[in-house]
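Read top to bottom, the protein sequences are chains A and B.
First residue of the first sequence? That's 1 in the working numbering, and the numbers climb one at a time after it.
First residue of the second sequence? That's 1 in the working numbering, and the numbers climb one at a time after it.
Hints were generated in silico from the structure; no laboratory data involved.
Keep in mind the model is a prediction, meaning the values are calculated, not measured.
Hints may be right or wrong, so weigh each one.
In silico contact screen, one side only, chain B against chain A (beta carbon under 8 Å); selected entries [claimed, not checked]:
#: 1; residue: I88
#: 2; residue: F138
#: 3; residue: L139
#: 4; residue: Y156
#: 5; residue: D163
#: 6; residue: Y164
#: 7; residue: S242
#: 8; residue: Q243
#: 9; residue: L328
#: 10; residue: G332
#: 11; residue: L336
#: 12; residue: D342
#: 13; residue: A343
A partial selection of chain B residues facing chain A, derived with a Cβ cut-off under 8 Å [what the hints assert, rightly or not]:
#: 14; residue: Q47
#: 15; residue: I286
#: 16; residue: S340
Ideal placement from N, C-alpha and C gives every residue a C-beta, glycine not left out.
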Amino acid sequence: MTTFEAILFTIVMASTPLLIAAIGELVAERAGVLNLGVEGMMAMGAVSAFVGAFLFESTWIGIAFGMMAGGLMAALFGIVVLGFAANQVGAGLALTILGLGLSGVIGAPFVGERLPPTPRLEIPLLSDLPILGSAVFSQDIFVYISLLLVAGVAWFLMGTRAGLRLRSIGENHASAHSLGLPVLKVRFMAVVFGGICAGLAGAYLSLVYTRFWAPNMTAGRGWIAVALVVFAAWRPGWALVGAYIFGAATVLQLHAQAAQFGLPSQFLSAVPYLATIIALVILSARRGSSGVGAPGSLGQPYVPDR
Amino acid sequence: MRIELVPRAEPKAWARALAPVAALVVSFAIAGLVIWGMGRSPVAAFQVYIVDPLMDPWSLREIAMKATPLVIIAIGLSYCFRANMWNIGAEGQFIVGAIFGSWLALATHGTDAGMWVLPLMMILAMIGGALYGAIPAFLRVRFGVNEILTSLFLVYVAQLLLDYLVRGRWRDPMGFNFPQSVVFDTAATLPAIAGMGRVHIGVIFALIAVIVTMIVLGRTLFGYRLRVSGDAPRAARFAGFSQARTIITVFCISGGLAGLAGIIEVSGVLRQVQPSISPGYGFTAIIVAFLGRLNPIGILIAGFIMALILIGGENAQILLRLPLDLALAFQGLVLLCVLSADALVSNRLRIVRARA
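Okay, chain B solo, but in the shape it has when bound (with noise of 0.2 Å):
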């Protein structure tokens, strides 16, 4: 007996629709097997992950602000994604932007610098992704360099960068030799929503990326051509569609989201320059992405789930003393299930018997 993929003639549109989901449940189900094999309780880690920070306002706040930089990342990919191109690098475009928009609220530190610097800090950070997201795609262009490796690796460089600077020129020299900058001025920190605790106006932000792109994919001119081009390559070739610009664009625009979120971490959660500024952002977006199935509102929606799950992670650590890595083979799992099940949705699975 052996099992065969067959092509399905017509993908059906519910199937599509409800893979992410049946791939969440698969990833639960493995987890907790896994979870159980340590010895612990699936049951308890099930409500510990996922049932008490739903019940908590103060949970439900932290989800907020994880799943902001995710979704605005993830939402950025979106555009590589359904170009083809694989950009692994929104972790270093993400730190570069942090780094670009971070320049300005130093620099104006301690002068009465007003409401200008906000808004200008934040366009810094996005020129600043959008450029250093620029250098994988104009070196593919120009010289064919495979995207996945260069991108991947500038995010080593951007995260050494970092630490230079917070090591270096940016240390607050009344910080006790601690790596890291001055907390910024009230003009260089992202408001709080009043009533919402920590909750900063970057979540609206995401909002905003989550409604702009609903309106670029489905009204637009170059929306039509991404999406033929990432459902039709050829087609998209023999349209005229420059493949050059293409790419360009939509690296730029994937590098000055994760820049964007970069500076909306730094300014409204971490308020000044640290080391690190990241747990993995940018690659956990990757995940969020496809979870969401490259479409805004899914996005919106698996950006929730994966903040709820690190948040998650972050209480099992302390209530259960599972470790945090553990949230992290989540993600992979979960990446490895939504695959697999956007395959299975064109194919389906058939036992063959064993021939004569």
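Isolated chain A, as found in the complex (with noise of 0.2 Å):
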């Protein structure tokens, strides 16, 4: 593998949690429902990965958990602003301040705990390919994972029947309920799937990337997914593609920090968000501030009258 492949290797590590989550909170939000958990279900995500493949010896099992955790702490978050049609900004909030506490007690006793390397799965021809060969197609089952569920996310949301109810609700939730359609019963599971891509991304985090647990080892990568979705217009395939720009972001700050450039490490440690900062306010400049785009009753607690 030379540099650059491996430089590309890297990106594509980086890139895929923030791409399963993005994907995730994605069609949360196009169901209308603005989930800011997501860091508090990935941190969940991580530490019940990292528990279930250090106790049963297994990545498979620790990849369940961790889908399970997120998928838990997803209904918990849907009962109460689905169930009690409390503020969605503020449960959400509350879920992520929930998660990293509840993440801090389940790890405490694994903190310094190691995990074997995960298998690679080389695709057969596909992983002959020149330079995407090594970096795309020779990586863990999470990436193939991450490129399928845009894919199949893209395709539910635009070519089936209840992709189209999903967007429908999401859109204007009085006019989809005065049709029929089962508003808070979707929304509840577009919040549950969006938490299991989120404990699934945590998985990722820990299995893969680091191989161990530490506290807050999300380290914002969560907020970033909830940013993407609003960098990609709520489309499938842009949040691949900014998922890649930032994980190419985090990347190339890393490796600044080790040439040394004279820039302090503070500074390019600061890249990544400032980037997103900036790409928001020109994405929102571009759009005006009308927010098209969004989902039209996101973020809108809905009690449907009868």
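Once you've looked at the hints, go ahead and assemble the two chains, each given alone in its own frame, into the complex.
The structure is reproduced here in structure tokens:
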């Protein structure tokens, strides 16, 4: 593997958790639910996956634990914002704080433990491609899942009746309800799907990316995933592009730190966050303040009238 | 059988006032179950978290000191939240305020600068916090950028800036290479209140913030405007209240108060600049603001309760070896319960028998 291929390989690794979490949040937001708890669900996914994989010595059980933890957190969020029609922004923040705290409690006994490396899956033929072969098609299972997720979600949202229903519920819940669509049920499923994705993204961090667990290891990735959904204007394909741009920014600033350009490392560490803000500014300015692209009912609590 | 939400025609005032209390009770019950599930005694935990700190004068003083930044920040946040602006970056505004104020403390260090240093530090801190808070407000007003995300990402930037300063140009040359600044001169240190141990006069600033906000909300046009735009945003727009000006103003007030809390913490408690100056006060204050129902007196009480739990958490870590993160998880739980309780005040649950 050349240096260039190695850098590409690490960019794919850095982008994958962002992409998985962003795709999940995208589905929830398309159904009209703003879940700012991605960071907390991801943290719970990371710790649960690590504990599962460590205790049962199986990556698969780890993945299952991570997805389950994310899904359960999302279900709790769903009960609060859909069942009780509570404020979504506040409840999302609460979910993040709860998830970060709870993950610290669960993970404390496992600090310092390490997992064995996860096997790579080389895809026949494709892995022989120049450059992309080693960077993309010789990765672990998560990378392929993330790419399949993008394709699957894009097809579901744009190509199926169920996807159309989900989008119409997000666009205008009152009209969707009057057409007889089960608004809260669809929203709950979309939220849980988002949680499972966030849990999977967290699992990737602790099972593949670091192979150990540390408090606060999500380091704001959940929030970047939320920003990516805005960046992508709620379109799955653009979430892929966005995730890879931010993954690349993260990896390149790490290389810049190693190269010691004389810039303080803290300035380079701030690059992904500043880049996210700048990207949001450019996109929002272009779309105008009306928030074009955002689902019409995004973030609004819904109490069906009967 | 299903459970449905039905909007209440006229939410009751007593229910609104009692909602946070009910939320706290439910949170304690759930936390007790969790602690019991961890194989510990919930009764012993309640004793250590809540009862013991209230019985011990030393702990009470520590609670007052922890409540100070929480109340000051939460009072600021209440302006934002009343205007439906989600400033979740108070942690960053706290840090930048501390940086602005500490700059003066370090610049005058070792000189015989007198009484003017401390007031000027506080003014600088408020300016720093307000400017930092104005960034997401400006981006929101000018470009329509979501203020939730920008204010949060700026927290990470502020943390890195502080880390850079403390490990770089602000490091104490005589400090054995520890990443911390020199200890502030007396002229740059908040004095303690006589007879109250370590408790500094920052506590009084928290009380002033509460009283001033009561007056602003109750007796000024700006306060009236805020209450209207929070309760009835459409009406506020028809009345011709400028939304852009309100957004910038509330973010500056909120950021300025967070910055003030930052310098109070550094000059009153830490007395030097360290890489980490806050155990998440800026985030806990969000919970304090909601638990206090955005009401100044409510925030004062809620700040005291949250500070009590933080101190209790530290004690529980030592006495019961319960992880410190349990207190953080509890904060999230409280916020979830408070928001649910609020929602249940305006809607009621109805059990519906299965329809044929």
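Against the structure, the hints come out as follows:
1. The beta carbon of I88 of chain B comes within 6 Å of a beta carbon in chain A, closer than 8 Å, and the hint placing it at the interface holds.
2. Because the smallest distance between the Cβ of F138 of chain B and any Cβ of chain A comes to about 10 Å, over 8 Å, the interface hint for this residue is violated.
3. Hint status for L139 of chain B: holds, given a least beta-carbon distance of 6 Å to chain A, under 8 Å.
4. Of the supplied interface hints, the one on Y156 of chain B holds, with its beta-carbon coming within about 5 Å of a beta-carbon of chain A, less than 8 Å.
5. Proximity of D163 of chain B to chain A holds as hinted, the smallest CB-CB distance being about 5 Å (cut-off 8 Å).
6. Hint on Y164 of chain B holds. Least Cβ distance to chain A is approximately 4 Å, under the 8 Å limit.
7. With its C-beta approaching chain A no nearer than about 15 Å, S242 of chain B sits outside the 8 Å limit, and its interface hint is violated.
8. The closest approach between the C-beta of Q243 of chain B and any C-beta of chain A is roughly 11 Å, which is over the 8 Å cut-off, so the hint fails.
9. Restraint check, L328 of chain B versus chain A: the minimum CB separation of about 3 Å is within 8 Å; hint holds.
10. The interface hint given for G332 of chain B is met, as the beta carbon of that residue sits about 3 Å from the closest beta carbon of chain A, less than 8 Å.
11. This hint holds: L336 of chain B has a C-beta 4 Å from the nearest C-beta of chain A, less than the 8 Å allowed.
12. For D342 of chain B, the interface hint holds, since its Cβ comes within 8 Å of a Cβ in chain A; the closest pair sits about 7 Å apart.
13. Evaluation of the A343 of chain B hint against chain A yields a held restraint, the C-beta minimum of about 4 Å falling below 8 Å.
14. Restraint check, Q47 of chain B versus chain A: the minimum CB separation of about 20 Å is more than 8 Å; hint violated.
15. Satisfaction of the interface hint for I286 of chain B is found here, the shortest Cβ-Cβ separation to chain A being roughly 6 Å, below the 8 Å cut-off.
16. Against a cut-off of 8 Å between C-beta atoms, the interface hint on S340 of chain B holds, since the closest Cβ of chain A lies about 5 Å away.
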